[in-house]
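Chemist: Respectively, the protein sequence lines represent chains P and A.
The first sequence begins at 172 in this note's numbering and counts up by one.
The second sequence begins at 6 in this note's numbering and counts up by one.
Among these hints, one or two may not hold up.
As the list claims (entries may be wrong) - Quick partial rundown of chain P residues pointing at chain A, CB under 7 Å, derived from the structure: (1) Asp261; (2) Gly353; (3) Asn355.
FYI, nobody ran anything at the bench for these hints, they're computed from the structure.
Source: prediction; values computed, not measured.
All residues carry an ideal CB built from backbone N, CA and C; glycine is no exception.
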Amino acid sequence: MEWFNALVQGALLGGLYALFAAGLSLIFGVMRLVNIAHGDLIVLAAYLGLSVTLALGVHPLLALVVVVPAMAAAGYVLQRGILNQTLGQDLLPPLLVTFGLSVIIQNALLEVYSADPQKMNAGVLETASVSVGGLSLGVLPVLTFAVAVLVIAALQWTFYRTALGRAFRAVSDNQDIAQLMGLNRHHIFGLSMALALAVTAIAGILLGIRTSFDPSIGGGRLIFGFEAVIIGGLGNLWGTLAGGVILGVAQTIGAKIHPGWQLLSGHLVFLIILAVRPNGLFPRISG
Amino acid sequence: MPDMVLEIYGLDAHYGDFQALYGIDMNVARGEVLAIIGANGAGKTTLLRSIAGLMKNRDDQIRYNGTAIGAMRADQVARLGIALVPEGRQLFPSLSVEENLVIGGQIGRKGPWSLSEIYALFPILKERRHQQSTSLSGGQQQMVAIGRALMANPDLILFDEISLGLAPVIIKSIYEALPNIVGEGMTALIVEQDIARALSVSSRAYCLQEGRVSLEGASGGLSRAEISRAYFGVT
Chain P
172 MEWFNALVQG ALLGGLYALF AAGLSLIFGV MRLVNIAHGD LIVLAAYLGL
222 SVTLALGVHP LLALVVVVPA MAAAGYVLQR GILNQTLGQD LLPPLLVTFG
272 LSVIIQNALL EVYSADPQKM NAGVLETASV SVGGLSLGVL PVLTFAVAVL
322 VIAALQWTFY RTALGRAFRA VSDNQDIAQL MGLNRHHIFG LSMALALAVT
372 AIAGILLGIR TSFDPSIGGG RLIFGFEAVI IGGLGNLWGT LAGGVILGVA
422 QTIGAKIHPG WQLLSGHLVF LIILAVRPNG LFPRISG
Chain A
6 MPDMVLEIYG LDAHYGDFQA LYGIDMNVAR GEVLAIIGAN GAGKTTLLRS
56 IAGLMKNRDD QIRYNGTAIG AMRADQVARL GIALVPEGRQ LFPSLSVEEN
106 LVIGGQIGRK GPWSLSEIYA LFPILKERRH QQSTSLSGGQ QQMVAIGRAL
156 MANPDLILFD EISLGLAPVI IKSIYEALPN IVGEGMTALI VEQDIARALS
206 VSSRAYCLQE GRVSLEGASG GLSRAEISRA YFGVT
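Construct the entire structure; sequences and hints are all you get.
Modeler: In structure tokens:
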């Protein structure tokens with residue numbers, strides 16, 4: 172039963188990892204951009220949430236109303252102002268620029284918020300739990316997982332059922348021909364980054380309610396996001412959710428074996444899957 | 006002076022250090038079907054890419070309905086009513102047949118072409134509309150590529166080697182559909198390797214050779230000797 176409990180808790184944790192990963196997956200899928208600053212953007216969203224809750228005295232979940240549009244707008248401006256200039260045949264410039272961005276965001280956060288760990292106060296939500304079949308499930312992890320499923324379902328729907336998603340897929344397939352259809356790829360890229368950072372905002376707030384955070388933790392969140400994307404297979408959003416769940420389960424099972432093995436076992440499972448299935452479990456696009 | 010849809014003056018085009026076009030002058034009258042012939046590497050595709058905005062040129066080198074469009078992006082040119090059927094079809098593999106057609110029409114220009122009109126022209130596409138575009142045969146893919154361009158209801162449509170890689174019987178059926186396509190007052194520019202085919206559907210023709218116009222005239226009035234000289238550059 173203890174092991175089953177670890178399994179369920181790990182799966183729920185995977186929802187958070189899937190939220191870290193969904194934005195990465197989206198922008199890589201649309202414009203082959205690997206965003207090294209993604210983890211720091213998650214942390215930035217958490218700090219924005221903190222500022223909003225403190226300034227307005229509202230519940231962290233209510234801060235989403237402000238943080239989601241703010242991050243989306245920042246994403247559009249970031250993409251059109253900087254990142255579009257780095258995109259081309261060469262994969263290196265966007266890597267370098269987003270790496271630089273990562274350093275800038277971390278240091279800016281240090282400057283503004285200091286290195287002290289912070290946490291958002293979500294009241295009873297943090298400790299509330301429900302009992303299901305002998306298992307005690309935290310309301311927050313269940314909520315996080317439900318949000319992850321909803322976000323991925325919404326992204327999936329956007330991608331395959333809307334004109335915007337059609338434009339994303341067309342630009343991803345062939346930028347020149349998509350331009351001939353009247354699509355300005357710079358605008359489409361801006362919209363995809365806006366959507367990715369809107370998801371990032373949700374991930375950041377949920378992270379900030381769940382654990383304490385400081386400006387240096389972005390890198391770790393980026394790795395979890397990457398691992399979830401790769402395990403699930405590039406370009407497959409439901410695969411990304413599965414990847415997050417596998418990573419979360421590996422970590423909690425590892426921690427159950429020995430408390431020091433939590434992160435290590437997650438990475439080991441990732442490496443094993445990478446060795447056995449280099450394209451991930453459910454790949455949709457080839458690198 | 007007839008009503009000119011497209012006027013090209015002294016158009017140069019470069020790929021890096023390589024110059025592909027040297028001072029092309031060309032004009033296309035409204036409602037005209039113009040053929041562009043020439044050997045491989047003569048610059049035909051480059052010319053179409055320049056008109057469509059996929060290659061940047063000097064602003065005043067290309068005028069469309071009197072507007073200088075040489076420096077515009079392809080999406081801006083498309084909105085003005087120029088559509089390209091690209092060489093090698095280049096459908097979107099992630100999109101179904103119907104989505105490929107719908108995305109062609111999403112700039113929302115008014116005109117005679119709609120999804121039902123395209124399906125009436127190419128009934129096979131209606132049967133296959135939910136399939137991935139890459140699962141179709143070459144000829145059917147070409148129908149999608151033509152339909153996708155028509156969905157934009159362009160005033161000027163550019164066809165780049167629509168017969169390339171297709172079986173003769175398919176080419177014949179696609180060219181038989183052409184009068185229905187350009188009959189609606191649309192102006193067409195046809196790039197084609199098959200000279201006889203190109204001359205039979207067009208009213209005027211230009212021949213390109215190594216990036217320059219080597220011959221121009223009424224399609225019916227060009228002699229074989231003139232064409233082979235303009236085509237190959239031998240005397």
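Chemist: Each hint should be assessed against the structure and marked as holding or not.
Modeler: Consistency of the hints with the structure:
| no. | hint | verdict |
| --- | --- | --- |
| 1 | Asp261 | 15 Å, violated |
| 2 | Gly353 | 4 Å, holds |
| 3 | Asn355 | 5 Å, holds |
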